[in-house]
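Since the structure of chain A is already known, use the hints to place chain B on it.
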Amino acid sequence: MATVKPRLYEESKEELISGSEAVGIACALADVDVITAYPIRPYDTVMQYVSRLKADGAFDFDFIIAESEHSQFEIVKHASAVGARTFSGSSGVGWFYAFEAITVTAGLRMPVVAMVGNRALDDPGAFGVEHNDAMAVRDLGWHLYWVATAQEALDMALMAWRIAEDPTVLLPFALSCDGSFLTHSQAIVQVPSQDQVDRFLPPYKRGTLQLHPDNPITIAPQVNEDWLMEIRRQTDEAMRRTSAVIRQAHEEFREIFGRGDPSPFIEEFMCEDAEIILVGMGTLAMPTRVAVRRLRAAGKKVGFLRIKFFRPFAAEEVQEALGDAKAVAVIDRDYSYGSPSGGGVLFHELRSTLYPLDKRPLMLNFIAGLGGREVTVDDINMMTETAQKAIDTGKIEQETTWVSVRE
Amino acid sequence: MATRAVEVVYRGIFQRTLARNIVRQIVFAARKDGKIGTAFGRYSDSPERNGIPAKQFAVVADTALELEESLAVYEATMVDVTINVDDTMCKGLESWAWYGLQPINEVTKPGGTLIVTSRQSADALLEDIHQKKDPYNLSIIPSTVSFSGLWVFKDDHTDMRALGAMCKACPELVSIKAMLESVQEQTGNEAKVASVQRAFDRGTSRPVEPGEGNTETPFSFDMPGWKTMEEGLVIRAQKEGTGFRGGEGGYTPGRSETFKKWSTRSMRPVINFDTCIKCTLCWLQCPDTVFDITPDGLYDANMEACCGCGVCEAVCPVPDCITMVGEPEFNDNSSQYDAWTADKDGYNKWMTVLVEKQKSETRTHGFHHVGGYAEEIAASEEA
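Heads up: the protein sequence lines correspond to chains A and B, in order. Positions 2 to 408 (the numbering used here) are the ones given, in order, by the first sequence. Positions 7 to 389 (the numbering used here) are the ones given, in order, by the second sequence.
One chain only, chain A, in its complex shape (with noise of 0.2 angstroms):
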């Protein structure tokens, strides 16, 4: 186990770097002490970043390269559960090939955390972002962040640790990065110093759950039914409490790096007044912000509410932030294939989520950008002016549109 402890940054520092790279260096700030690993693009890229750490002797850890991804993240799973901070992270398929081993990190309140580099699954074969990837453990207890630039990648990296780790949740932590468009492209990045990073971050304690010699326990026995229930009770009570845990780590987040949104589950972007409110996650943001400002020049009433943590999901802060709106937009990144609307996986849960509203805007959907096909202030100007058109006409013509596909 890892036992030098690095010091990469006595001082806060500006590096140029992609989202990968970020979350690399947050890994080397936690004094991560087992990383696993297995290539798949675009995730590989931050494995490449630690190695290259690895091999400068910059960052001191158990680096694992596994034969298969189900490997890959069996191994942390363990690692976790002997006292190890882990991480490890995967893409698109790849990811589809761990999820027994996936399933059970929750199961097992393993806190793992894990970048998805979000990529379309097979067939075909493609690099490009989507997020069904990741969009998968969205039931299965595992915390579900979708980052929006580099900068964001490391800082919520590290929340990550903070909030999985903590004693009253030990839940996993999925990471998401838009493929490309975070994996690959490279900002000037605010990496805070390692002190920062220590008074943030306190040490990996897993108590009395910790596999050890000295704490004689067995993990993850067969059970039936009489079993099974409270079992499962018990990871919902641990989602339900990490809610607070975030509130608390962000505020303590702010106040030591000095930066961070008002909330840390979802950014409203000119959502105050707005009649029209689009919603996306992930680097959407880019263009719909840029979309939104010009709009707003123009004197349209138009915001732009990023969803941030996807698990759990702030459900009152969404119906606060939309309550008042005329319509809502939801861009997904995303499919799913016979559901209600025929629309995204994002959407429907915005719809559940206010549906217990006295006031319901309308609700409109727009499939965008799979497989990484870009996003243009085009196509947002084209949703803002069909959410017009329903608050106008009082009616939706079709709740889910298909945005830029040829046909």
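The set of hints was computed from the structure by calculation and includes no laboratory data. Keep in mind that a hint or two might mislead.
[Stated by the list, open to error] Taking lysine-lysine and the DSSO-like style, the derived pairs with C-alpha atoms no more than 30 angstroms apart in a straight line are:
| # | chain 1 | residue 1 | chain 2 | residue 2 |
| --- | --- | --- | --- | --- |
| 1 | A | LYS390 | B | LYS115 |
| 2 | B | LYS38 | A | LYS14 |
| 3 | B | LYS233 | A | LYS396 |
| 4 | A | LYS396 | A | LYS301 |
| 5 | B | LYS138 | B | LYS174 |
| 6 | B | LYS355 | B | LYS284 |
| 7 | A | LYS14 | B | LYS183 |
For chain B alone, coordinates are given in the frame of chain A:
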């Protein structure tokens, strides 16, 4: 609004580090000028394929807000400067994620600059570079193409010369002062700083008028929509071949009408039809069914199908019967067999000159490098 963009066009894998050095250095230097920037590769080139044209970008803005505005478009549709680090790509670019041939200057904005590393003259390059309807500038960095083999970065200061030339062509993007300071800080290498300065001092550009250049219409095709595309991810096999060019005798294989990849090659085979022993090896080993069999049993390479891999040269048992020759020697994809049948003496004379010249060329097949760095740096300083 002051946002400026640079694209670096390079040969995948072979010149990746070179391109990355250039775009990163631009962003570092811009930071010295108090600006903010981002550097990224075109993701659809990724994973890069050996030698296939690829792009990296640097985008620089005065403020973070302006940078975000410009990044609403992921791949710049207009750049202030295009830097091409292999002159054979002046013929156009085809990415591996195939969508036709793009002129090298396609996104160079009106009044912008195309910088090319080349030993060719501007006039020679403009025979390849497609015409534009707007004026722009062409700047040549006189140097041998920077290649050292797979993944190997040839530290011959091509990156530094490109940066110096870029500061000259577009001082609004990065000042030479900031660039020199930044290169010193990032590399700690005086010789590199000197290379930037020298390229800046010597940088000249030639205006290119609207309509000047290659008049060829770049190959393009319509991509099918979801209603017309066959379901089930099926790709049909190519149709069976025919007699030579559809006639009697010989053989022309079925080829895709839309999938071509000639811009991938930096060299092409030149064939001596008189010494060919008709052994079939080139035809058999070619991975791209490039060779047509002529009615008289010779092998004619189709230059719309050839990616320039050089297997034919490697397997040919006859000395100098197939020779890979640098692309700058050619301005079209016409048939060598036709040229030979039309005028055998003329063809053989042309071919002999090319083959002899090739022996003294530093560009070798497979993007290898011949000669020492020191000699090349000295030579380019004298140029």
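Tested hints:
no. : hint                : result
1   : A:LYS390 - B:LYS115 : violated, 37 angstroms
2   : B:LYS38 - A:LYS14   : holds, 15 angstroms
3   : B:LYS233 - A:LYS396 : holds, 28 angstroms
4   : A:LYS396 - A:LYS301 : holds, 20 angstroms
5   : B:LYS138 - B:LYS174 : holds, 23 angstroms
6   : B:LYS355 - B:LYS284 : holds, 22 angstroms
7   : A:LYS14 - B:LYS183  : holds, 23 angstroms
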